[in-house]
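**Q** The primary structure of each chain is shown beneath.
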Amino acid sequence: MHIKYGGKVIDFGGWALPVQYGAGIIQEHRTTREKAGLFDVSHMGEFRVTGQDPLGFIQRFTVNDIAKGGIGRCIYSPMCYPTGGVVDDLIVYRLGEKEYLIVVNAANIDKDWAWMSEVLKGFPGTNMVNESATTAELALQGPKAVAILQSLTKTDLLDIKYYHCLDNVTVAGRKTLVSRTGYTGEDGFEVFSAPADAEAIWEAIMAAGKPHGLIPVGLGARDTLRFEACMPLYGQELDAERTPLEAGLGRFVSFDKGDFIGRAALLGQNEKGLQRKLVGIEMVGRGIPRHNYRVLDAEGAKDIGYVSTGSYCPSLERNLGLAYVPTAVAEEGRKVCVSIRDKAVEAVIVKVPFYKRQRPTKA
Amino acid sequence: MSAVSFPKDFRYTNTHEWIKVTGKTARVGLTNYAQDQLGEVVFVELPEVGRTVKAGDIFGVVESVKAVSDSYSPAGGKVTKVNDKLSDSPELINQDPHGEGWLFEMELGDQAEADLANLMDQPAYERFQAEAGEH
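Protein chains in written order, with numbering that gives the first Met the number 0: chain A, 0 to 362; chain B, 0 to 134.
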């Protein structure tokens, strides 16, 4: 299917995934911001939790308060080790009183499954099923997403508010789960279906989107879009060594929801103060910061941190990075350097997020 | 891939640079295959004028949104000029890799004849890149 649209395809855990289509990463990125883009993100992992105490089970391994929204809420949360380091970041879908869907990063499916299965041992009567291989996921993102998807369903999509979901929505005649979520910084939807239905849904969305300027978008632009919006990527901003607090995700850590894995460590870190923090940097000198480039002090002499993600940003047309630096340095306007091919190139700490959409589509 | 043909009067490296020799001087760039593999070029770092390079030396870096790629000099010599337009318009490498998107010019060194003899001519490179493109 993707080859037909000019996709350059890679294999990712058995899913054939397009890095980019014919338009190229920059055009795909800008079109998503200005009109709409369609992404195949079927590689994402989905675990369904049911039985006696799904909420108690999920509250145990998440750091955000999953109970704070009603049914139909989608809640983002890091999942931590007892050390406060991050196992993965995920979204919990509250489908019912006793039914939850957890969407996890593709690269972490096996690790997450093993981790959650250990936790599950403390919750007899609660069940978890790995539906990753039997669930397809398409993401329709951009200012035209509502208009495009609305033309394929009778359900009033404006009833699905930001970070909410609705199950059993018929899209293009197929049964789906629709959520108002995404990983681009734009308004939009993610549509979950049986893999056998995904191609028909894809084709229907592409056809409905044509008059709106919709194009297919690959994983390359997905990464630049999420980066501009400063949404973290596991393995770059997040890993076992960094905590959600250091990553600037404190608003997703709910200390008062009761005990959870990592709580003591995070509380301790919160009280002691952070040693290092994630900040935005912009290049002043010529060069593009990249993942794992070292950050040096203003004189270019001392190694003080590292770039977690860096890129040319297609919408902002700036060379930007996210970087971990000592808290003492982490203030806007501070000069630092990035070591690029053994040269200290000047950069400055800037505000995050780099990109924020102007007017949210009316929820 | 776009239907850009490889000029017959260029010689080519197995790292996808081209060189066009005019007497004692030469112009160097990336091939259409290289730019297609890289994707949209967003940054170019070129050698300093006056720098002496040997064949196979890294003379610069070309970056697309997702990739950082070293560039290797096809022959030895002294850099006499760089394509200044590329700092503001790196996309010229994508748009016209064998023409406006050239990277630098050099005065060929004493070893030039041997260096050039090691490179591929157009038919050989045509086959080489076609095979590379199958992987």
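Calculated directly from the structure, the hints in this document are not laboratory data. Treat the hints with care, as some may be off.
Reference excerpt, derived from the structure (chain B facing chain A, CB under 10 Å, subset only) [as the list claims (entries may be wrong)]:
| hint | residue |
| --- | --- |
| 1 | Val-41 |
| 2 | Phe-42 |
| 3 | Glu-44 |
| 4 | Glu-47 |
| 5 | Val-48 |
| 6 | Val-60 |
| 7 | Glu-62 |
| 8 | Lys-65 |
| 9 | Val-67 |
| 10 | Gly-75 |
| 11 | Thr-79 |
| 12 | Asn-93 |
| 13 | Gln-94 |
| 14 | Asp-95 |
Which chain A residues face chain B? A few, computed with CB under 8 Å, are given here [to be verified]:
| hint | residue |
| --- | --- |
| 15 | Gly-23 |
| 16 | Tyr-162 |
| 17 | His-163 |
| 18 | Leu-165 |
| 19 | Pro-194 |
| 20 | Ile-287 |
| 21 | Arg-289 |
| 22 | Ser-310 |
| 23 | Leu-315 |
| 24 | Ser-338 |
| 25 | Arg-340 |
Ideal Cβ positions, reconstructed from N, Cα and C, are used throughout, including at glycine.
**Q** Could you run down the list of hints and mark each one as holding or not?
**A** Hint-by-hint comparison with the structure:
1. Using the Cβ-Cβ criterion of 10 Å, the hint placing B/Val-41 at the interface with chain A is satisfied: the shortest such distance is roughly 4 Å.
2. At a threshold of 10 Å, the smallest CB-CB gap from B/Phe-42 to chain A is about 5 Å, leaving the interface hint in force.
3. Annotation: B/Glu-44 was flagged as interfacial toward chain A, and the flag holds, the nearest CB pair being 7 Å apart, inside 10 Å.
4. Interface restraint check for B/Glu-47: the shortest CB-CB distance to chain A comes to about 13 Å, outside 10 Å, so the restraint is violated.
5. For B/Val-48, the shortest C-beta to C-beta distance to chain A is roughly 16 Å, which exceeds 10 Å, and the interface hint is violated.
6. Taken as an interface hint, B/Val-60 checks out: its beta carbon lies about 7 Å from the nearest beta carbon of chain A, inside 10 Å.
7. The interface hint given for B/Glu-62 holds, since its Cβ lies 6 Å from the closest Cβ of chain A, which is under the 10 Å cut-off.
8. Interface hint at B/Lys-65: satisfied, since its Cβ lies 5 Å from the closest Cβ of chain A, which is below the 10 Å cut-off.
9. With its C-beta approaching chain A no nearer than about 7 Å, B/Val-67 sits inside the 10 Å limit, and its interface hint holds.
10. Interface restraint check for B/Gly-75: the shortest CB-CB distance to chain A comes to about 22 Å, outside 10 Å, so the restraint is violated.
11. Residue-level restraint check for B/Thr-79 is violated (minimum Cβ-Cβ distance to chain A is 22 Å; threshold 10 Å).
12. The interface hint given for B/Asn-93 holds, since its Cβ lies 9 Å from the closest Cβ of chain A, which is under the 10 Å cut-off.
13. Violation of the interface hint for B/Gln-94 is found here, the shortest Cβ-Cβ separation to chain A being roughly 12 Å, above the 10 Å cut-off.
14. At about 16 Å, the closest approach between the beta carbon of B/Asp-95 and any beta carbon in chain A exceeds 10 Å, and the interface hint on this residue is violated.
15. Taking 8 Å as the C-beta cut-off, the interface hint given for A/Gly-23 holds, the closest approach to chain B being about 5 Å.
16. Hint status for A/Tyr-162: violated, given a least beta-carbon distance of 29 Å to chain B, over 8 Å.
17. Interface restraint check for A/His-163: the shortest CB-CB distance to chain B comes to about 33 Å, outside 8 Å, so the restraint is violated.
18. Interface hint status for A/Leu-165: violated, as the beta-carbon distance to the closest one in chain B is roughly 35 Å, over 8 Å.
19. The interface hint given for A/Pro-194 is broken, as the beta carbon of that residue sits about 27 Å from the closest beta carbon of chain B, more than 8 Å.
20. The interface hint given for A/Ile-287 is met, as the beta carbon of that residue sits about 5 Å from the closest beta carbon of chain B, less than 8 Å.
21. Hint on A/Arg-289 holds. Least Cβ distance to chain B is approximately 7 Å, under the 8 Å limit.
22. With a least beta-carbon distance of about 7 Å to chain B, the hint placing A/Ser-310 at the interface is held under the 8 Å criterion.
23. Because the beta carbon of A/Leu-315 sits about 12 Å from the nearest beta carbon in chain B, more than 8 Å, this interface hint is broken.
24. The interface hint given for A/Ser-338 is broken, as the beta carbon of that residue sits about 14 Å from the closest beta carbon of chain B, more than 8 Å.
25. Given hint, A/Arg-340 at the interface with chain B, holds; its Cβ is 7 Å from that chain's nearest Cβ, closer than 8 Å.
Of the numbered hints given earlier, the model fails hints 4, 5, 10, 11, 13, 14, 16, 17, 18, 19, 23 and 24; all others are met.
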